[in-house]
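Engineer: Got chain R; can you put chain G on it based on the hints?
Read off the chains here:
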Amino acid sequence: MKTLKDTKQEITQRYLNQYGIHGVGMDSRRKTVMIYASADKADERKAVLKQIEETARPYAVRIVLEEEPEMTFVL
Amino acid sequence: MSGGHKITTEHRRDVSEAISLKEELSAEHLSSAGEFVADLIRYDEGETFASKEVKVESFIHAVGVQNRNSKATVVVYANRADRVRHNIPTVRYGTPIIVVESLPAILAIACSAIRDQRQRPIQLGISGGHKNVGYGTVGGFCRENEDSSLLVLSNNHVFANLNKGSRGDELYQPGSGHGGSAQDTFATLYKYETLHLDGITDNRVDAALGRVNDDIGYKNEICSIGRPRGIREAAEQMDVRKHGARTGLTRGRIEDISYDTVVGTSSGVAKFTNQIRITKEPRKPHIALPGDSGSLIVTGGSRNIRAVGLLFACGIGGSYAIANPLQAVLDTLMVELVVGNI
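Sequence lines, in order, name chains R and G.
Heads up: the first sequence begins at 1234 in our numbering, then just goes up one per residue.
Heads up: the second sequence begins at 3 in our numbering, then just goes up one per residue.
Everything labelled a hint here was simulated from the structure, so no lab data went into it.
Be a bit skeptical, because a hint or two may be false.
[Stated by the list, open to error] Coverage of chain R stretches by chain G, computed from C-beta distances (three or more under 8 Å per stretch; other residues unrestricted): (1) 1244 to 1258; (2) 1284 to 1290; (3) 1294 to 1308.
[Stated by the list, open to error] With the C-beta cut set under 10 Å, the calculated list includes, among others, these residues of chain R facing chain G: (4) Met1234; (5) Leu1237; (6) Lys1238; (7) Lys1241; (8) Tyr1269.
[Said to hold, decoys possible] Below, simulated BS3-like cross-link-like pairs (lysine-lysine); rule was C-alpha separation at most 30 Å, straight line: (9) R:Lys1264 <-> G:Lys286; (10) R:Lys1264 <-> G:Lys166; (11) G:Lys133 <-> G:Lys221; (12) R:Lys1235 <-> G:Lys273; (13) R:Lys1279 <-> G:Lys166; (14) R:Lys1274 <-> G:Lys273; (15) G:Lys166 <-> G:Lys273; (16) R:Lys1283 <-> G:Lys221; (17) G:Lys166 <-> R:Lys1238.
Bear in mind the structure is a predicted one, so any value in this text is a computation, not a measurement.
Even glycine gets a Cβ: it sits at the ideal position worked out from N, Cα and C.
The following block holds chain R by itself, in its conformation from the complex (with noise of 0.2 Å):
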């Protein structure tokens, strides 16, 4: 069986940077692959959220709406 992390990584490879997801994690206690995203492009992800969680089976996904990270200096 696919480790959570092989998942995971397979989950950044496919969508990173797509449908306003700007990070892909995973919480081992709850064996869930994690997707932050902002909020907009939702309907798009919306429409590839299945795919995901096939991606992801037999682990669960969980979809965080965060902000998107910026570098922390000052220009």
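Structural biologist: Showing chain G alone in chain R's frame:
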């Protein structure tokens, strides 16, 4: 003597004996006072109010001699008199001893309060950066080997201006955004890991090293936190803290150690894989903001501080921070973190 008091031979002997006893008690109790005072400063800065990690112990910070009731008396000053009294006799060699409660005198201005200002010796967790960068944070001290010169760690985007810096470029402390200029040069850019900004190629670290100038004093302590004693691998649910040039001391919890993300920059998008994601404390406004880049993420109590990561990004608004795993940073740059005394 004014006041009409007559100094008797007996009184002179009293004073002389009290001074000898004072010296004896100083030797017994003051040797470890410095470390306790450092803890107390950190406590005073608020680090430990919400923490069970550090407990400020009861300690003696001064010993003197006073004339009390016409008798030379040794006075022992402690931060908590009730907790040290049982260790101090009320009389020794016939000289009375009393314990008085008082806080120790603190000469130094707290590092954190002036984290955006020039500080010599250089400490960690304060403002610094490449001459063409506003500011980030001076992260940690490193060496290539035991004999190599002292190096200072931060991010590529802080010390190497997002790949645009050249070896030998001046690094300022404080950063130029805090008024730093050529006369505040404390190091020169030594090397950095190139950042891929195509949004496709994986980056593992955002890291750069400066070489500390020979005439610069330094202190291997993170403001408000203390001296790093080693490295620890990140783990989910690990409690961590950092001190950065922008937001000072903040705390958080690691929630992900396999975090892949894309971070926008002025020169393109950087994709990072297998990073550490840290969320802020509940009810706190943020864990990090622009200017905190380069901060060391640490865990452990004040006598067992372990570096875990190198902060380089945060969510807009600061609800979460992202850090490179520290061991990956050190492996990439082929250096070791300096721990303990330099």
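Engineer: Have a go at the Tyr1269 of chain R hint: is there a Cβ in chain G nearer than 10 Å to its own Cβ?
Structural biologist: Since chain G brings a Cβ to about 7 Å from Tyr1269 of chain R, closer than 10 Å, the hint holds.
Engineer: For the stretch 1244 to 1258 of chain R, do at least 3 residues have a Cβ located nearer than 8 Å to some Cβ of chain G?
Structural biologist: With 7 residues in contact (Cβ-Cβ under 8 Å with chain G), the coverage given for the stretch 1244 to 1258 of chain R holds.
Engineer: Does Lys273 of chain G sit within 30 Å of Lys1235 of chain R, going by the straight-line distance between their CA atoms?
Structural biologist: holds, 24 Å
Engineer: With a cut-off of 30 Å on the C-alpha distance, tell me whether Lys1283 of chain R and Lys221 of chain G pass.
Structural biologist: violated, 54 Å
Engineer: Are there three or more residues in the stretch 1294 to 1308 of chain R whose C-beta lies within less than 8 Å of some C-beta in chain G?
Structural biologist: holds (count 10)
Engineer: At least three residues with a C-beta closer than 8 Å to a C-beta of chain G: is that true for the stretch 1284 to 1290 of chain R?
Structural biologist: Coverage by chain G is violated here, the residue count being 0 at a Cβ distance below 8 Å.
Engineer: Quickly compare the C-alpha distance for Lys166 of chain G and Lys273 of chain G to 30 Å and report which way the hint goes.
Structural biologist: With a Cα-Cα distance of about 18 Å, the restraint between Lys166 of chain G and Lys273 of chain G holds, given a limit of 30 Å.
Engineer: Are the Cα atoms of Lys1264 of chain R and Lys166 of chain G separated by 30 Å or less?
Structural biologist: violated, 41 Å
Engineer: With a cut-off of 10 Å on the beta carbons, see whether Lys1241 of chain R makes it to chain G.
Structural biologist: holds, 6 Å
Engineer: Hint check: is the beta carbon of Leu1237 of chain R less than 10 Å from a beta carbon of chain G?
Structural biologist: For Leu1237 of chain R, the interface hint holds, since the closest Cβ of chain G sits about 9 Å away, which is under 10 Å.
Engineer: For the pair supplied as a hint, Lys1264 of chain R and Lys286 of chain G, is the alpha-carbon distance within the 30 Å limit?
Structural biologist: Holds. Lys1264 of chain R to Lys286 of chain G sits at ~28 Å (cutoff 30 Å).
Engineer: Compare the distance between the alpha carbons of Lys1274 of chain R and Lys273 of chain G with 30 Å, and conclude whether the hinted pair is satisfied.
Structural biologist: The given pair, whose Cα atoms are some 20 Å apart, holds under the 30 Å limit.
Taken one by one, the earlier hints fail for this structure at numbers 2, 4, 10, 13, 16 and 17, listed in ascending order.
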